[in-house]
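Participant: Sequence:
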Amino acid sequence: MAGHSKWANIQHRKGRQDEKRGKIWTKLIKEITVAAKLGGGDIATNPRLRLAIDKAKDANMPNDNVQRAIQRGTGSLEGVNYEEIRYEGYGINGAAVIVDCLTDNRTRTVAEVRHAFAKNGGNMGAEGSVAFLFKHCGQMLFAPGTNEDRLMEAALDAGAEDVVTHDDGSLEVLTPVPEFSIVQDALAKLGLKAELATVTMRPENEITLEGDQAESMQKLLDALENLDDVQEVFSNAAL
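Just so we're aligned, residue 0 is where the sequence shown starts under numbering that gives the first Met the number 0, counting upward by one.
Just to be clear, a hint being listed does not mean it is correct.
Claimed, not checked - Pairs of lysine-lysine, PhoX-like flavour, derived with a Cα cap of 25 Å: (1) Lys192 with Lys54; (2) Lys56 with Lys22; (3) Lys54 with Lys188; (4) Lys36 with Lys22; (5) Lys36 with Lys56; (6) Lys22 with Lys54; (7) Lys56 with Lys192; (8) Lys192 with Lys134; (9) Lys56 with Lys188; (10) Lys54 with Lys36; (11) Lys22 with Lys118; (12) Lys218 with Lys22; (13) Lys54 with Lys134; (14) Lys118 with Lys218.
Unchecked claim - For each label pair, taking beta carbons as the anchor points, the in silico distance ranges come out as: (15) Ala130 with Ala7: 19 to 29 Å; (16) Lys56 with Pro175: 18 to 28 Å; (17) Met151 with Ala213: 23 to 33 Å; (18) Pro175 with Thr44: 16 to 26 Å; (19) Pro143 with Ala187: 16 to 26 Å; (20) Asn146 with Gly120: 34 to 44 Å; (21) Lys188 with Gly120: 45 to 55 Å; (22) Ile181 with Glu209: 31 to 41 Å; (23) Ala117 with Gly190: 47 to 57 Å; (24) Lys188 with Asn92: 35 to 45 Å; (25) Val176 with Asp41: 17 to 27 Å; (26) Arg105 with Ser75: 25 to 35 Å.
For the record, the hints were derived by calculation from the structure and aren't laboratory data. Backbone N, C-alpha and C fix where the C-beta goes; we use that ideal spot for every residue, glycine too.
Could you put together the complete structure from these sequences and hints?
Facilitator: Below, the structure is given as structure tokens:
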């Protein structure tokens, strides 16, 4: 399956996230806490926790912070009780946006998310208004130059759904969510390490925005991502 260029967008996004490292640590601590609370503190039996810890390592979070978050989640340390909420809406030129939050105050969070949409040219939609435009799946992105035949054979043998070849030479492996860790481990054993590996809401089709529209959309996405209660922002806008 062929696809358009993705590599530059991913690198740009990672660079912007690196600039916000302090905020990323806070978000990851929340995610680790909730993952441990819901599925226990053992990464062997809790794929969500394993993914959160992998992201924490990528963000150079100290292990002590990780362990304390796990302990808060499993109840051996006192901690805040977070609730998972998803909001949906529209950005520039009707681009779809999904905002996943972890919060201890739903009233505060919805007000902040609605304000960020309204202030930056977007608007919130009803539950389910854009989610159907995305697919919940595992995603691994490999750098241009990766051996396509080798990656495709190994990924599909391990349980991947698809391997997408992008115009820029990057390769994207898509998996069902339950098989994400299995495929990742199988590829890692062959020395195939993804530059990006996550469980995501992947847009089925993207809307390309350029110039002023792209700049305005980026401001909206940044405003949402900068909110303390927001964990992840997904959009079908290609900037």
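Participant: State for each hint whether it applies.
Facilitator: Verification of the supplied hints:
no. : hint                           : verdict
1   : Lys192 with Lys54              : holds (14 Å)
2   : Lys56 with Lys22               : holds (15 Å)
3   : Lys54 with Lys188              : holds (19 Å)
4   : Lys36 with Lys22               : holds (21 Å)
5   : Lys36 with Lys56               : holds (20 Å)
6   : Lys22 with Lys54               : holds (13 Å)
7   : Lys56 with Lys192              : holds (15 Å)
8   : Lys192 with Lys134             : holds (23 Å)
9   : Lys56 with Lys188              : holds (19 Å)
10  : Lys54 with Lys36               : holds (18 Å)
11  : Lys22 with Lys118              : holds (22 Å)
12  : Lys218 with Lys22              : holds (17 Å)
13  : Lys54 with Lys134              : holds (21 Å)
14  : Lys118 with Lys218             : holds (10 Å)
15  : Ala130 with Ala7: 19 to 29 Å   : holds (27 Å)
16  : Lys56 with Pro175: 18 to 28 Å  : holds (24 Å)
17  : Met151 with Ala213: 23 to 33 Å : holds (32 Å)
18  : Pro175 with Thr44: 16 to 26 Å  : holds (18 Å)
19  : Pro143 with Ala187: 16 to 26 Å : holds (19 Å)
20  : Asn146 with Gly120: 34 to 44 Å : holds (43 Å)
21  : Lys188 with Gly120: 45 to 55 Å : holds (46 Å)
22  : Ile181 with Glu209: 31 to 41 Å : holds (39 Å)
23  : Ala117 with Gly190: 47 to 57 Å : holds (48 Å)
24  : Lys188 with Asn92: 35 to 45 Å  : holds (43 Å)
25  : Val176 with Asp41: 17 to 27 Å  : holds (19 Å)
26  : Arg105 with Ser75: 25 to 35 Å  : holds (27 Å)
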